[in-house]
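Heads up, the working numbering is the position in the sequence shown plus 321, with the first residue counted as 1.
Each hint can be trusted.
Computed beta-carbon distance windows for the label pairs:
{"#": "1", "residue 1": "1025", "residue 2": "543", "range": "50 to 60 Å"}
{"#": "2", "residue 1": "918", "residue 2": "1025", "range": "36 to 46 Å"}
{"#": "3", "residue 1": "466", "residue 2": "1418", "range": "25 to 35 Å"}
{"#": "4", "residue 1": "934", "residue 2": "1277", "range": "43 to 53 Å"}
{"#": "5", "residue 1": "917", "residue 2": "843", "range": "46 to 56 Å"}
{"#": "6", "residue 1": "1352", "residue 2": "918", "range": "52 to 62 Å"}
{"#": "7", "residue 1": "689", "residue 2": "657", "range": "38 to 48 Å"}
{"#": "8", "residue 1": "674", "residue 2": "1172", "range": "14 to 24 Å"}
Below are the BS3-like pairs computed for lysine-lysine, each with C-alpha atoms no more than 27 Å apart in a straight line:
{"#": "9", "residue 1": "892", "residue 2": "840"}
{"#": "10", "residue 1": "545", "residue 2": "1327"}
{"#": "11", "residue 1": "1525", "residue 2": "331"}
{"#": "12", "residue 1": "1525", "residue 2": "382"}
{"#": "13", "residue 1": "840", "residue 2": "879"}
{"#": "14", "residue 1": "331", "residue 2": "381"}
{"#": "15", "residue 1": "440", "residue 2": "382"}
{"#": "16", "residue 1": "1049", "residue 2": "1037"}
{"#": "17", "residue 1": "845", "residue 2": "879"}
{"#": "18", "residue 1": "381", "residue 2": "1525"}
{"#": "19", "residue 1": "393", "residue 2": "1525"}
{"#": "20", "residue 1": "381", "residue 2": "440"}
{"#": "21", "residue 1": "331", "residue 2": "440"}
{"#": "22", "residue 1": "331", "residue 2": "382"}
{"#": "23", "residue 1": "393", "residue 2": "382"}
{"#": "24", "residue 1": "393", "residue 2": "331"}
{"#": "25", "residue 1": "1525", "residue 2": "326"}
{"#": "26", "residue 1": "1049", "residue 2": "1062"}
{"#": "27", "residue 1": "1214", "residue 2": "607"}
Simulated from the structure, these hints should not be mistaken for lab results. Virtual Cβ for every residue (Gly too), placed ideally from N, Cα, C.
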Amino acid sequence: MLRIKRVNLKGFKTFAQQTEFAFGSGVTAIVGPNGCGKSNVADAIRWCLGEQSFGLLRSKKTVDVIFSGSHKRARQGMAAVSIVLDNEAGDLNIDFSEVEITRRAYRDGDNEYLINGQKVRLQDITQLLGPSGLGRRAYAVIGQGLIDRVLSLRPEERRVLFEEAAGITGYQQKRSAAWRRLEATQLNLERVGDILAELSPRMSSLRRQAERALERLQIENDLKDLLHVWYGYRWHRTLSEIATARQKAASDQKTTQVRRERLDEVHAGLDRLRLRQSRLRADQSKRNQISEARHRRSAEVIRRLAVCQERQNQIAVRQADLEDECRRLQSDREGVQQRLVALTAEIESVRERRNSCRQALDRLQIQLADRERKQNLAVERWHEEVAALRSLEGRSAGLRSRLQQLIERRAALDERLCKTREETGRRKEASKAAAAALTGLEAKSAEGSAEVSRAQAEIDALTDAIDVGMDALRTEEAARNREQREVERLQTRLDLIQPARSEGTVYASAVRSILQASKQGQLKGIIGTVASCIQVPDRLERAIEVALGAALQNVIAKTWQDTQEAIEHLKRAGAGRATFLPLDRLRSGGPIAAPASNGIVGNAASSVRFDSEVAPAINHLLQRVWIAQDLAAARHALDERAGRSRNGRRPGGGTSNYGAMPTVVTLEGEVIRPGGAVTGGNDGRRHRRSVLAWEKEARELPTELDRVLGQARRAKERAQATWIEVEKRTQKRAQLERQQKRLIRDTKLRQAELEEARLHAAQAGQEASWQLQAVDQSEAELADLAAQEVRLRAALAEATRAQDEARTRARLSEQAAQTSQDEMLRRLADLRAVSAAAQEKLSNQRELSAELSRTLTQIDSQLQSWTARHSELEQESDRLGCEIEQASAEEAKLHAEGDAHERETAEIESELERLDRNLGRAEEEERAGQQLVLQSESDWNASRLALQRTEDRLESLRREIRQDFGLADMEEAVGLAYQPPLPLQALVAQLPVVHDLPAGLKDDVKETRARVRRLSNVNPDAPQEYEELASRFRFLQDQSDDLDRASSDLQRVISELDRQMEGELRRTFDAVSTEFVSFFKLLLQGGTAQLSMTDPADVLNSGVEIFARLPGKRTQSLDLLSGGERSLTACALVFAILRVSPTPFCVLDEVDATLDEANVDRLRSAIDLLRARTQFIVITHNRRTLEIANSIYGITMRDDGVSKVISLRLEADALQETEDGQFEPETTVAM
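All chains, full assembly: derive it from the sequences and hints.
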C-alpha cells in the first residue's frame, strides 16, 4: 500500500535547517504552540505534490515559502521539500520500491521538480500521482479552511469532491480534449465548405477566359505587323520637327545672352553709384552721432552748471539757519542753568522736613509698643470667651446633625415602605406579562423563520444579478484592454518617432549635426529644417516632396551670421555639407500666379501652411511652383502661359514675372522644369516614409494618443461603474446574509428571554412576602425615631441660648481692646505718609536735577556740532564756485565746435542730392534693359517649350513603341539622351524607314486596337490557373469527407465518455450517501442526514445538496448549525468520501479546533475506522486527539525564528533529538 515514509524540509518557511519527519503506518500527530510552524508541515506536503495556489499555501509569491531570516539567522536562498513514498505494492507506475519527489524554489522565482534525483516537469509528477488518487484531490491535505468551506460551497462546486472520489477526472480531461478536437474539426469543416463554395463559381469563369485567350493572341500578332509601318513613319517625321525647333531655340538664346550682358553693365554702374551713396550716408550718420554726442555733452554741462548754482544757494540758506539755531541753543542753556540752581536750594529744604518727621515717628512707635502689651491681656480674655463660644457651637451642631439623621432615616423608611408595596404590585403584573410574552415570543419565532426564508430568496436573486454584472464587467474589461493596447501601440510609435525627430535621424548627417548643436546651445538663430516648418495636406504630400526634393533638408537660419557660424561648425566637426537659407539675405522673384483653370490645384507656396517667420524661405522655394492634377493639366497650363508670353499678354493683367515659366509638379510626383524637362515614373520608394510623413506623424501622434487615451479612460469609467454596481449588489447580499444571521440570533435570544421571564414570575411571589415583613419592621422603627426626635429638639434649644450669651461677652471684650489702639495707629499712619511724601519729593527733585544736567551737556554738544557744520558749508560753497567757472568755459567750447560741424554736414547733403539724381537716371536705364531681357527670355522660353513639346511627342512615341514592341532599335535625333537596347536581336524589334504612309493604315490600326481593347480583360494564364484550381477543388472535397468522418468518431467518443462518467459518478454518489449517513450518526450521536442531487436527470452537471437533522431537532438549514455541528457534518462528508475512495494518506490540519472533548472522542472513532486503509498525519492542539496517535512530533519556535522538532514514538515510550534537527524514532530513551 502506498504511504509516506519520510518528509525532508530545508529552508521551507520556518524550517531553516535540514529537518526530517519519519512517518509510520497508522496515525502520526504533530503538536505545538501557536506560531511555531506546525502547519508549515502540511503546507510543505501540499507544495511538494505540485500545489500552485499560493492562497492554499498561505503565501503571495514564491519567495514567501523560503526562510526569510531573523535577527540571529541569515535568510535562505532556496527552499527544498522531499517526500519519500513507499511503492512496494507498485501503486505508482514506476519501477522503484521507494519514490522520492522533490521540489525546490529559488528567490528568483524558479522552481525545480525531481523524481529520484532526476529533473522532471510538474506535468510528469501529476501524471505519476494521478492513478493513485493524489493528483488533484482537495482532501489529501484537509485544513480547517476546507472543513468550513465544504458546507459553504454551492451545490455545483460541491460536486467536484464527488468527481474526484469517483476518479472521473481522467475521463473529464479526455472528454475536454475530444471536445476541443471536435470544435476544431467543425471549424475546419466550415472553412473547407466556405472555400469550396467560393471556388465553384470561379472555375466556370476561368474556363470561359481560357477560350478567349487564343483569340486575343492572334489579334495581337496582326496588330504588331501594322504598327511596324505606322511607328516608322511617325518616328522619322518627329525627328525632322525636332531639328527645326532646336535651331529656333539657339537663335533666341543668343539674343537673350547679348541683352543680359548689356543689363549686367548697367547693374555694375548702378552698384558703383549706390556704393558711393551708402558711404556718404554712413559718413553722414557718423557725423550725426558725433553731433548728438556733443549736444548731450553740452546739455550735461548746462545741467551740471545749474546744479552747482542751486547747491550754492542752498548752502547759503543752510548757513543762515545754523546761525539762528546756535543763538537759540545759547538762550536755552542759560535758562537750564538758572533752574538747576533753584532746584538745589529746594532739595535742602525738603531733606530737613523729612528728618523731623522721622524723629516724631520714633517717639510714636515707643508709645505704641506700651499700648500693645496692654492690649495683649485683653486679647487673651477675648480668646477665652471665643473658645467657650465654639464649644457651645460644636455641641449645637452635633445635636442638629443627630436630629437631621433621624429625620432622613425616617423619610428613608417611609420611602422604602412605599417602594416595597409598589414592587409587590409590579411583581404580580410581571408574572402576568411573562405569560403574555411567552405567546408573543412563540409568534415572533415563527415570524423570524419566515423572514430567514425570505432573506435567503433575496440572497439567491442578488447572486444571479451579481453573475450578470460580472459578465458585463468582463465585457467592459475586454473593451478597456483593447483601448489600452491601442494606447500602448500609439505610445510606442510616439516613443520611436520623437527620439528620431529629436536626434534628426531622418536627416543627413550634416543637418543632424546642425540640429543637435542648436539644441545644445552651441549655435544660435537656427529655426529648423524646411520639412519641420511646413504642414502639407495629405493629397499634396507627394507633390510637395518631389517639388522640394533635397531642399526638404535645407536648414533655415535667421541671419547670414548664423549661417556662417553653422558652416564653420560643420567644418570643425567634419560632419559634411548642408544647404542653409538665411532669412535676412534671401532674394527671389515674385510669385508666379497659378491660373484658375481645371486641373491646376494652385501655387505650391499658398497650398501649404507655415509660420510668417519662415515665409521668405518657403516663398523662395515654392512660390514659382505650380501643382497640377496630372501631366495633361500641367501641359495645358504651360501652353497657355507660353502662348500669352508670345502674344505679349501678361497673366492676370499684371507686370510681375512676365514671361517667366514655373516649375509644375503633379499629384503623382511628375515634374516639369521651366526649360521643358519632365521627370516621372516610379522611383521604387512607394513604401519608404518621406521626411514630410515623419514630421506630420510626429505632429499628429500626440493628438491621436490623447483621443485614444480619452476613449480608454471612458472605457475604464464604464468598467468602474459596472464594478461599483456589482460591488453594491455584493454588499447588499452580504448585508442580507448578516441580517439573516441576526434574525437567527434574535430567535434564540427570544427563547432565552422567555425562560428568564418565567423565572422572574416565580421569584416575584417570594419577594412580595419578604416585603410585607419588612413593612412591619419599618413601622416599629418609625415610632421609636419619633420619641428620640422630641428629646433632641429640647436639648438643642438649651444649647442655642447659652451660645448667644457667650457671643455677647466676647464682642464686648474685643471692642474695649480695639478702641485705644485705633487712635494710636491713625497717628502713626499720618506720620509715615508725611515722611514718605517728603522722601518721594526729594527723589523726584534729584532726578529732575540730573535730567537738567544732561540737557545742559546735550546743548553744549549740539553747539559744537553746528559750529563745525557751518565751517564745512563755507568750504563746500568755495568748491562749487570753482566748478561753476569750469562748466561755463566748457559750454562755450562745445558751442563753437557745433557751428563747424553744421557747415560740414551741409556739404555732404549737397553731394547726396546729386547722387540721387544720377541713381534715378541709372534705374530708368536698368528698367528698360530688364524689359528687353524679359522679352528675349519670353521668346527663348517659347522656343524651348516648343522644342520640349516636340521632344515630349518623341518620348511619348518611344513609350508607345516600347509599350507595343518592348525593345526596339530606333534612330535618334542629335542631342537627345537615348539608351540603345542590348544587342539581343531575337528580342529587339527593327523599325523601318517610311516616308509615305500607306493608304488606310491608320484606320486599320485603330480597328485592330479596338478589337484588342474589347478583349482586354482576357487572362492569358487562364488555362493553367483553371487546371490548378480544379486540382485544389478535388483535394478540398476529399478533405471535407475526411473531416465529416472524424467529427462523427469524436461525437461517439464523447457520448461513450459521458456514459462512463455518469455511471461512475452515480455509483460513487450512492456509496458516499450511505457512508455519510453512517458517519453523521456516529459523529453527532444520532439524527438523520441526506445527500441529494439538484438535477438527477443530468448527473454530470447536477449540484449536491446536504440536508441534516440533529438529534431532537427539526430539519434545518446548514447555516443554522453551530460551529461544532458544522465541523462534524463536514467531517462526516469528507470521511464518507475517504471511506468510499480512500487516499493513500491524509493530512488533517487542526480540524478539531472548534470541537469539545466529547466531539473529539467521536472524531477519533471515525479516524479509527479509516486508519486501516489510509495513513493519517494529524496536526492538533487537543490532548484528546493525541491519544489516538502512534507517534508524536512536537514543534516549538527558537529565539532565532527557526522551528525546532522533537519526536516521540509511543509504542517504545522513547524521545530523542539530534543536534542537526533530524530524528531517529527507533532510538529510545525513558521519558
